[in-house]
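Novice: Following the hints, position chains B and C against chain A.
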Amino acid sequence: MDAYMPYVLCMILFCIGIYAILAKRNIIKIILGVVIAEYAVNLFLVLAAYKVGGRSPIFSETQIILPESMVDPLPHALVLTSIVIGLATTAFLIALAIRLYGKYGTFDITRMRELRG
Amino acid sequence: MSKEHDRGMTVIVKTVTRLTVGLIFLYGIYIVLHGHLTPGGGFAGGVIIALSFMNLDLAFGGKISAKIFSKGSTGVVEALGAVMFLALALIGLRYGGFFDNFLHPDGDPGQLVSAGIIPLENIAISLKVGAGLFGIFLTIIVLQKFESEKK
Amino acid sequence: MTELYVLLGLMIAGAIIAIEVKNLLSAVVAVGIVGLGLSIIFLLLKAPDVALTQIVVEIAAVILLIRATLHREIAQKSCGTRPFGAIMGILFLGLAVIAALVTFSSGLSPFGEPLMTVSEFYPLNAIAGTGATNVVSSIILDYRAYDTLGEATVLFTAVIGVLTVMRSVGKKKEEDLQENNE
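Protein chains in written order, with the working numbering: chain A, 17 to 133; chain B, 3 to 153; chain C, 81 to 262.
No wet-lab data here; the hints were simulated from the structure.
There's no promise every hint is true.
Listed next, the stretches of chain A that the computed footprint assigns to chain C, with coverage defined by at least 3 CB atoms under 8 Å from CB atoms of chain C [stated by the list, open to error]:
{"#": "1", "segment": "20-31"}
{"#": "2", "segment": "35-48"}
{"#": "3", "segment": "83-90"}
{"#": "4", "segment": "105-116"}
Where is the CB? At the ideal position from N, CA and C, for every residue including glycine.
With the rest of the complex left out, here is chain A:
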């Protein structure tokens, strides 16, 4: 089980994010939950790419670096794309939250139904 310990901690982080999305009433807390869950997923992909004693996937002019000693570069590329998409979706969620606040005067999602009209 010791070999899987980083994965377990990463999963705990993801569960905290999911708990915030499901259980919280404040819409800002829900956005924070989405952000935390997204960080956990990114972290999981990069953890899966790590090789013990590996090097960064960057070649050098002055130094000879063997390609076999590099960590897996493919998840890095996928995570790089995912991070920027995450920022864009977070900004969209914030815009929606500000608009909801302007309409209902509260961040509480349970009171938004009552104040319709």
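Specialist: The following block gives chains B and C in isolation, referenced to the frame of chain A:
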């Protein structure tokens, strides 16, 4: 005019921003141009460039960068980045396929001018990401001002 | 890898604080802790590209979140939990533990030994194939440029969404102002 001076943060923040914002902007350009050699690339560099404009806005109260960039011109720059990226991909069709690296034989690996169309694509991505992010930021600031002025 | 565990513990503590603290501004700052710890972890895991992007994006996200929560009297109000949602959350946690046990016992390769059957190709051929010394850059802009094209589309859609959601308010208020002036 005195009202303009009252906007934004304190004198310390304004002075430090005046000294450092150019360096931040230059660092963003460096990250973009060296994206195929060192860590970084279009995504990080574009966000750094957008952050330098955000720094100006936050320190001086949201009126400074409106003279350089309006909300419409961020949309224009973003569309320019997207069109540049797509055009590079479409020119590749002439040489063998979508996203074909048609400039590849020019330059040695490790030099600034190398790796074919990857630096150009980095520039396109940085324009797109930076302008899009700064447009989002401007929009949210403009709305908040509207609200506070009404109250 | 002791520092990895220390940073992961810090991130989990920051996440719990962010979820449970009453003040919304403190919650946003605690999420900043999580993101910066994540950036240092990426650096430890030999992913400098991702670490640079993560730290920059984290700063931008915290700025936007603080903009959303600042100047609002509601920021001090406590936020309760929904009992039904809490039950569902705990149920999900149980399901996640079961799924993790199944995954760890059967398929997943242990930490530090990646399954590099396909992606072995990229470091071996990046210099000869594209001429870029940064392998990650050669993947996102040459081998897998379609991913970047899709990312650009998503970003474009998100920007249009933000502009649309925010614009309707401004336009309405402008009309109101014009009516008042008339």
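Novice: Run every hint past the structure and note whether it holds.
Specialist: Each hint tested on the structure:
1. Coverage of the segment 20-31 of chain A by chain C holds in this model, with 12 residues showing a Cβ closer than 8 Å to a Cβ of that chain against a need of three.
2. Figure legend: the segment 35-48 of chain A, annotated as covered by chain C; annotation consistent (11 residues with Cβ-Cβ distances under 8 Å, at least 3 required).
3. Counting residues of the segment 83-90 of chain A whose CB lies closer than 8 Å to any CB of chain C gives 7, so the stated coverage by that chain holds, three being the minimum.
4. With a threshold of 8 Å between beta carbons, the proposed coverage of the segment 105-116 of chain A by chain C holds, since 10 of its residues qualify and at least three are required.
No hint from the list above goes unmet by this structure.
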